[in-house]
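Colleague: Given the coordinates of chain A, work out where chain B should sit on it, guided by the hints.
If you're matching them up, the sequences are chains A and B in order. Using our numbering, the letters of the first sequence correspond one by one to residues -13 to 260. Using our numbering, the letters of the second sequence correspond one by one to residues 757 to 1052.
Heads up, a few of these hints could be off.
Claimed, not checked - Pairwise CB distance ranges, derived in the manner of DEER restraints:
(1) A:V189 to B:Q1030: 55 to 63 Å
(2) B:S859 to A:H117: 39 to 47 Å
(3) A:K138 to B:S859: 22 to 30 Å
What the hints assert, rightly or not - Counterexamples of contact, computed for chain A against chain B with all Cβ distances above 10 Å:
(4) T8
(5) I27
(6) G57
(7) A104
(8) K138
(9) W195
(10) V232
Stated by the list, open to error - Covered, in the sense of this in silico footprint (three residues per stretch, anywhere, with C-beta under 8 Å from a C-beta of chain A), are these stretches of chain B:
(11) 821 to 833
(12) 858 to 872
(13) 1026 to 1032
Note that these hints are calculated values from the structure, not bench results. Since we're looking at a predicted model, the values are computed, not measured. In this text, a Cβ means the ideal position worked out from N, Cα and C, and glycines have one as well.
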Amino acid sequence: MWRLVREGLRIHRRVLLSAWTTGTLGPLSAFVVLAHFGVKIDGWQALAWAAAALPAYLLGASAVAGWITIGTELSEHRVRLHALLPLSSGDLALAQLVLPSAMVLIGLPVSHAAAVLARAMHGTPAPWLGHTTLNLMAAHLLLLLQLTLAAKEVTALRDTVSWKAWIAGPATGRRGGGSESRPQPDGEPARGRERDEIKAGTVLSTLGWFVLFALVCAEIVIGVPYSTLIFPPGLRIGVHNGNLAVCTAATSALAIVTAAFTVTLFRRRTLIAR
Amino acid sequence: MSGAPAFALTGVEKRFPGFTLGPIDLELEPGTVLGFVGPNGSGKSTTLGCIAGLVVPEAGSIEVFGRRPDPREGAWKADLGVVAETHGFYMNRSVEENLRFLSRFLPGWSQERARRLAGRFALPLDKQVRHLSKGNVAKLALVAALGHTPRLLLLDEPTAGLDPVVRSEVLDVLWEVLEDGEHAIFYSTHILSDISRLADELVFLRDGRILLRSGKDALTDGWRRISFRLGERDVAVAAAVEYRRVRAEHQVVSDDGEATLAQLRELGAEAIEQSRMTIDEIAVTILKGGSHVAVG
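Chain A on its own, in the form it takes in the complex (with noise of 0.2 Å):
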């Protein structure tokens, strides 16, 4: 699984590179422009805010690069080429999640690195940018990501995985269940079996969706005002009472949790449909 994840990091790089220039250098010259025209933002000249808020953009970014990856890995049907490796299905899986999820985990880093910096710089940190606030934006970064993913496999529950073979597991190599799974005869029993089949598929990936759902509830509850900083600083909603550490271990175990569920979903799936 490591070497497909270090594989996988060597071929994208580009990409994270790519996005943090775009992710920095961007927002950068948005700054120096309103910077020459004297601009404040709370209080900051623009180009101090915007380094200061550096940090967050590389993280971003990295997200970013991660998102163009899973997308990029979908399109070119890479799953299907690993498939055909001597891995195991669970390894096939992991490396599905972790490429991504190592983007973010390598902007982190870089990203703590650039708040030092910036402290250094302006010597006070930027009140909404320590990090603590870091580390979770990174959680939910991770969880976001593994939320794409989790939201990929149940899409393909409905088109591609039958479900007996789902609530069976893997059937290569060993018995089906006997008479029960022998064909009926052509005509309206079969025809009924199959309603059967769309109806249970449906239903299975609906219930994958209330699954994403209820993940994403809790994330809401748990760590979106302090992680996305869509809401004011200070402002208190969620059962952590603003104690961004453990905001950050919940988001960081619902990423988990997402994962699991990923990977008990891809270890089910059929990999080509008729």
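Modeller: Using the frame of chain A, we list chain B on its own:
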């Protein structure tokens, strides 16, 4: 494991909405080529996917070289070389980089052999995959499948999109693969001219079911198109797969020409004429499921 079949499918079934494959019972011995023939949507790719571990069947058992392919461990896949409809190569990377990627995972991979095959197929190693023509991507898929000299080759329409010269080169390479008698090829196609050169046996598949499995020579020897004159009424002809009559002129396609001819002589048929059929004609007749037409 010596002596074990390259693969063995027993009662394998896979259901998709609107389509059921199987139950399929199929075996392939090392050193042989099995042509898997069927129209689009008949389940060829799904069968191949079951063997390659890309499709999880609902029922049945699969063995590859005597081992049950366990998805929890992937070592058994090292014996397989697969050319599938969808390849999954890194499109923004060169052919060489894609081959190097594979070399890091496939035991027994020879970059030298891969380069030699690429040379034979005139495949540009330095070109990005996204800039390759459809035919060149097919060539890359073949090189990728052959680079580690797998014992079982699973080929799904491998020559689709290739020009006749390269197609011939591909078939030559596949012949060479078979030379040591240990390798087996499962060749799914509807280009029958390819298969008739390579295959020892043919399996015909329609609507997810195997219609017939037969040796290639037995097919070409046994199947005949026979015409004769015998009264203005339908005749129950032995071994007839297809029957047509226009007044007293009868025409049958028989899967046992000798038996049919003997019966017609006994019945006193006149102006009997027979001709051998090509593999293409035989395949079309089998996959059409035969017919009975009478006029006048």
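Colleague: Has the hinted range 55 to 63 Å been met by the Cβ atoms of V189 (chain A) and Q1030 (chain B)?
Modeller: holds (58 Å)
Colleague: Verify that the Cβ of W195 (chain A) lies farther than 10 Å from every Cβ atom of chain B, and report whether the claim holds or is violated.
Modeller: holds (19 Å)
Colleague: Between the region 821 to 833 of chain B and chain A, are there enough contacts, at least three residues with CB-CB distance under 8 Å, for the coverage claim to hold?
Modeller: The restraint on the region 821 to 833 of chain B holds, since 10 of its residues have a Cβ under 8 Å from chain A and three suffice.
Colleague: Between the beta carbons of S859 (chain B) and H117 (chain A), is the distance compatible with 39 to 47 Å?
Modeller: With a Cβ separation near 42 Å, S859 (chain B) and H117 (chain A) satisfy 39 to 47 Å, so the hint holds.
Colleague: Against chain B, does I27 (chain A) keep a CB gap of more than 10 Å to every residue?
Modeller: holds (38 Å)
Colleague: For K138 (chain A), is the shortest beta carbon distance to chain B beyond 10 Å?
Modeller: holds (15 Å)
Colleague: Mind verifying the non-interface call on V232 (chain A)? Its CB should be farther than 10 Å from each CB in chain B.
Modeller: holds (36 Å)
Colleague: Minimum C-beta separation from A104 (chain A) to chain B exceeding 10 Å: can you confirm that?
Modeller: Correct as stated: the minimum Cβ-Cβ distance to chain B is 34 Å, above 10 Å.
Colleague: When you look at the beta carbon of T8 (chain A), is every beta carbon of chain B farther off than 10 Å?
Modeller: holds (17 Å)
Colleague: Taking the minimum C-beta separation from G57 (chain A) to chain B, is that value above 10 Å?
Modeller: G57 (chain A) is indeed farther than 10 Å from all Cβ atoms of chain B, at 12 Å.
Colleague: Verify the CB-CB distance for K138 (chain A) and S859 (chain B) against the hinted window 22 to 30 Å.
Modeller: For K138 (chain A) and S859 (chain B) the Cβ distance comes to about 29 Å; the hint holds.
Colleague: If you look at each residue in the region 1026 to 1032 of chain B, do at least three have a Cβ nearer than 8 Å to any Cβ of chain A?
Modeller: That given contact is violated, which follows from only 0 residues of the region 1026 to 1032 of chain B lying within Cβ reach (below 8 Å) of chain A.
Hint 13 alone, counting from the list given before, is not met by this structure.
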